[in-house]
Structure formats: structure tokens, C-alpha cells
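Chains as they are written, first to last, in numbering that gives the first Met the number 0: chain R, 0 to 236; chain B, 0 to 236.
Honestly, the hints are just simulated from the structure, not real lab data.
As the structure is a computational prediction, the values presented were derived from the model and not from experiment.
Check before you lean on any hint, since a few could be wrong.
Chain copies aren't distinguished; within one or between two, either way the pair holds.
[To be verified] No more than 20 Å apart at the CA atoms, straight line, and that leaves these computed lysine to aspartate or glutamate pairs for EDC-like:
| hint | residue 1 | residue 2 |
| --- | --- | --- |
| 1 | 227 | 185 |
| 2 | 219 | 185 |
| 3 | 157 | 54 |
| 4 | 42 | 151 |
| 5 | 112 | 43 |
| 6 | 219 | 73 |
| 7 | 157 | 52 |
| 8 | 42 | 185 |
| 9 | 31 | 100 |
Protein chains: 2
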Amino acid sequence: MAKTGKLYLIPNTLGNVGLTRVIPSWVIDQVKGIKHFIVENPKEARAFLKKIESDFEQSEFVFSVLNKHTTELDKSNFLDPIAQGENIGIITDAGCPGIADPGAEMVKMAHEKNFQVVPFVGPSSILLAQMASGMNGQSFAFNGYLPIDKSDRKKRLKMLEKQSRDFSQAQSFIETPYRNIKLAEEILDTCSPNTMLCIACDVSLDTEFIKTLPIKAWKKNLLNVLHKRPCIFIIQS
Amino acid sequence: MAKTGKLYLIPNTLGNVGLTRVIPSWVIDQVKGIKHFIVENPKEARAFLKKIESDFEQSEFVFSVLNKHTTELDKSNFLDPIAQGENIGIITDAGCPGIADPGAEMVKMAHEKNFQVVPFVGPSSILLAQMASGMNGQSFAFNGYLPIDKSDRKKRLKMLEKQSRDFSQAQSFIETPYRNIKLAEEILDTCSPNTMLCIACDVSLDTEFIKTLPIKAWKKNLLNVLHKRPCIFIIQS
Numbered sequence: 000m001a002k003t004g005k006l007y008l009i010p011n012t013l014g015n016v017g018l019t020r021v022i023p024s025w026v027i028d029q030v031k032g033i034k035h036f037i038v039e040n041p042k043e044a045r046a047f048l049k050k051i052e053s054d055f056e057q058s059e060f061v062f063s064v065l066n067k068h069t070t071e072l073d074k075s076n077f078l079d080p081i082a083q084g085e086n087i088g089i090i091t092d093a094g095c096p097g098i099a100d101p102g103a104e105m106v107k108m109a110h111e112k113n114f115q116v117v118p119f120v121g122p123s124s125i126l127l128a129q130m131a132s133g134m135n136g137q138s139f140a141f142n143g144y145l146p147i148d149k150s151d152r153k154k155r156l157k158m159l160e161k162q163s164r165d166f167s168q169a170q171s172f173i174e175t176p177y178r179n180i181k182l183a184e185e186i187l188d189t190c191s192p193n194t195m196l197c198i199a200c201d202v203s204l205d206t207e208f209i210k211t212l213p214i215k216a217w218k219k220n221l222l223n224v225l226h227k228r229p230c231i232f233i234i235q236s
Numbered sequence: 000m001a002k003t004g005k006l007y008l009i010p011n012t013l014g015n016v017g018l019t020r021v022i023p024s025w026v027i028d029q030v031k032g033i034k035h036f037i038v039e040n041p042k043e044a045r046a047f048l049k050k051i052e053s054d055f056e057q058s059e060f061v062f063s064v065l066n067k068h069t070t071e072l073d074k075s076n077f078l079d080p081i082a083q084g085e086n087i088g089i090i091t092d093a094g095c096p097g098i099a100d101p102g103a104e105m106v107k108m109a110h111e112k113n114f115q116v117v118p119f120v121g122p123s124s125i126l127l128a129q130m131a132s133g134m135n136g137q138s139f140a141f142n143g144y145l146p147i148d149k150s151d152r153k154k155r156l157k158m159l160e161k162q163s164r165d166f167s168q169a170q171s172f173i174e175t176p177y178r179n180i181k182l183a184e185e186i187l188d189t190c191s192p193n194t195m196l197c198i199a200c201d202v203s204l205d206t207e208f209i210k211t212l213p214i215k216a217w218k219k220n221l222l223n224v225l226h227k228r229p230c231i232f233i234i235q236s
């Protein structure tokens, strides 16, 4: 009987920086030996695999594409190679698989099939922002995207601010980069003057910007730097 | 006028594994040039610095010790070298500074003084467990330690289970390793049979164990593996 393979979770850079800046060399070595991948975008995955200098030729790679168009039936077959003794790697377009990306669903399925899941170390903008925020590292929550509707979003912001106060829990969230400035302005207009706000942009890149100030000390003209750059917002009241 | 230094957040391994397994080589290179450190434990920090092959001799390092005995006055002086143009690194005993460790307070102070804070990539058992859990990666919270009192702890577990259901938010927490089995038994006794439970032990080590199952499928005899090993628990209802 063939030995069962494993599901490896392979982080990617958060933008245009060298792999060795954010991925441990041992992880790069492990990925060299993997041929089967579940990816968001084969083009991005090929670029990544070119950088790690895989033991395999580009023509040998087997990609399963996981995105919003992938059917349930397809997904249910993606892990079949593991049963046949092959390892599979999930490569995300940016950051850590399973964190704010579609990979979590495949991981869930792997546990249902009793396959071993191995997470590799790499850059998570959420975690790096939390580290660098100076906010409560004993209790923190990531909340994904806020509602788009302005009044719903205001309510949600108020609620997150209340949760951060009631549970001393730092509350982080994200926005589509081109709407960052708008969200930041709404945070300044909605939250209490003494609530702390951390904005972390371009985390782990040369252009990284991370700053924590009370709401009352943030000036709207400081927010122009956020335009179209990936940001994590963290509040704590 | 001297150029201002920066505060670097330097992760450490989560146990006895080589640095290159969990710390990017570029990060190791950056740390070689740092002489001033804020540490939990100078002995651990010296062992770490020996492994990275610093540009400095052990006798040249300047350590500020940050633990529960450190006075507020001492803390307020720890960042002075930054104003004088020196970089400072925070080295934690295990994992990422600012995450479930005393470093966050120094980071907060750095922001108050308008110093730049730079987080380096490294292993976080909380993040790696979340990645490998297959639970909601769009919304998750880390809650630190639960109350020690049995009835308070039961209430808190019930509340976390409810929060995970109400907000579709995965809820993680930790325990002192020698009490892991007891906590795990209480989770099985307290949570609903269909609530998912991930237990992640010895994350990033050779002995790593990560498993997600519904409460009803966990058997108490499976829990013996947790004894005295660092664990992350995650529930989602």
C-alpha cells in the first residue's frame, strides 16, 4: 500500500521582495520536492516556483485551480493525489494559505479525510501588523472586510470598538486598497478620540509604513499614503 | 544630529529546531548588525545570538531585561539608544515579539515616541495553528489564557463557542502545558458535539501534531499526546 502524502501550506511574499526576506530557507528546500499544487492562479504559482528553483520542470507541475469558479465536485477531487502517496502544496497569491484566502476549505477537507496538514512559516500581514501595533498581543481578532454599506459599516466599526473595550481585544480588519482612504476617514469620524488606531501598509516591503496613534492624533492629510496600498487597520479602545 | 534608530521585532524558534527552518535568511542577516536588545531572558537571547553568528562579540551586546519584575522607570529608558541612532531588537524566548509576550508594551512606547517599528517574519504558533486548522481564515480571534477557576472557565468556553457561532469567528486560546489534558477534557465535556475543535501541539517542530475534528469525534484517549507540550486550541461552532 502506498504511503499517504501530506498537505503543505506554502506562504508567498506580500509583494515584490526576494523570497529569502520572508520565507525560511528550509521551507524553500521543502517546496522544491513538491510537484502537485493547489493554487489561486497558475501564473502566480509558476512565478513563485521559478524563484524557488524546484527540482521539477515547469512542464511536470500539476496545478489544481481553486477560486470562486471551482465546483464542489472539483474540490472534492483535489486531494486525491495525497491518498496515492503524493504531497500537495497550497500556494497562495500572497501571504499565508488558510488566512483570508480560499485555502482554508481545502484544509478542512484534508482533516475530514484524516490527512496530515503541515503549515510553513511565512509572511502574514495580519500577524506582522499585530506584532508592530503595540496593541494587546494577549487577545486580538481579525475580522476580514467590513460591510460596504456606509451605515452598516459605521455600526460595525462601533461594535468592534465596543468589543475591543469590553474584552481588551485588539480588532483588525481590511479593505480593498482603492477604498482605504475612505475607510480610514470613516474610522476617524466614527471612533472615540482616545481609541488607538494602527494602520499598517505594505507590510514586509521596502515601502512598509506602520503607525499607531490615538484617533485624535491622526490627521486626514496623513492618510494619503494609504492610497491603493494593501493595509491592515487595527483599533483598540 | 544623529539619525534615529529603529525598533526591530525578532522572532525566535518555538523549540529545538534550526533557525533556518523558521526564520528567513535575510532576517538572520539583519539581526547580525544589531547590538542593543530588549530580552525576556539574557541566557536565551545569548543562545539565539550565538546561532545567528552576530557581527558583535558576546561581550559587546547590551541587554535590557523585560519581565514582570521590570519597573516602569526602567522600561521608559529602554528605548533611549534609538534616539541616539542605535537600532534595538526585541528578542522573545519563543515565537513572535508582541504576540502573547511582554514585548507589546515596548512597541506601544516606541509609537508614542514616534520611532519606527519593523516586524520580522518568524514562527507564530497561533498563526500556524490557524492556517492548519481549516477553520474560518476570514475571521478569527486569539483569546490568551482562559480563567483558572473551573466554573468561570466553563462559562468562558460557552461564551467563546457562542461568539464563534454568532460571528462565524474561529476562537483560539492556550493553557499552561501541564494543564493541557485537563482543559481538553473540559472542552469535550462543555462544547456542543458538532462544534469543531482543532488541537495544534509542538507547532513547527519535528513532533508537530495538528488535528481538527468535531467534538463528538475526539476521544479522551487521543488527548494523552498533549501532555506538557505547548498547544493551541481552536473552536468553531
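A quick look at each hint next to the structure:
1. With identical chains, the CA atoms of residue 227 and residue 185 are at most 20 Å apart within one copy only, with a shortest distance of 17 Å there and 47 Å across copies.
2. Within a single copy, residue 219 and residue 185 get their C-alpha atoms as close as 10 Å, which meets the 20 Å cut-off; across copies the closest is 49 Å, which misses it.
3. Taking the shortest Cα distances, residue 157 and residue 54 never come within 20 Å of each other, neither inside one copy (51 Å) nor across copies (49 Å).
4. Neither within a single protomer nor between protomers do residue 42 and residue 151 lie at most 20 Å apart by alpha-carbon distance, with minima of 37 Å and 51 Å respectively.
5. In this homomeric assembly, residue 112 and residue 43 never come within 20 Å of each other (Cα to Cα): the closest approach is 28 Å inside a single copy and 40 Å across copies.
6. For the homomeric pair residue 219 and residue 73, neither the shortest alpha-carbon distance inside one copy (47 Å) nor that between copies (35 Å) is at most 20 Å.
7. Taking the closest pair of Cα atoms, residue 157 and residue 52 never come within 20 Å of each other, the shortest separation being 48 Å inside a single copy and 48 Å across copies.
8. When the C-alpha separation of residue 42 and residue 185 is checked against a cutoff of 20 Å, the pair qualifies neither within a copy, at 36 Å, nor between copies, at 47 Å.
9. In the homo-oligomer, the alpha carbons of residue 31 and residue 100 never lie at most 20 Å apart, since the shortest distance is 23 Å inside one protomer and 34 Å across protomers.
Checked against the numbered hints given earlier, the structure breaks hints 3, 4, 5, 6, 7, 8, 9 and satisfies all the rest.
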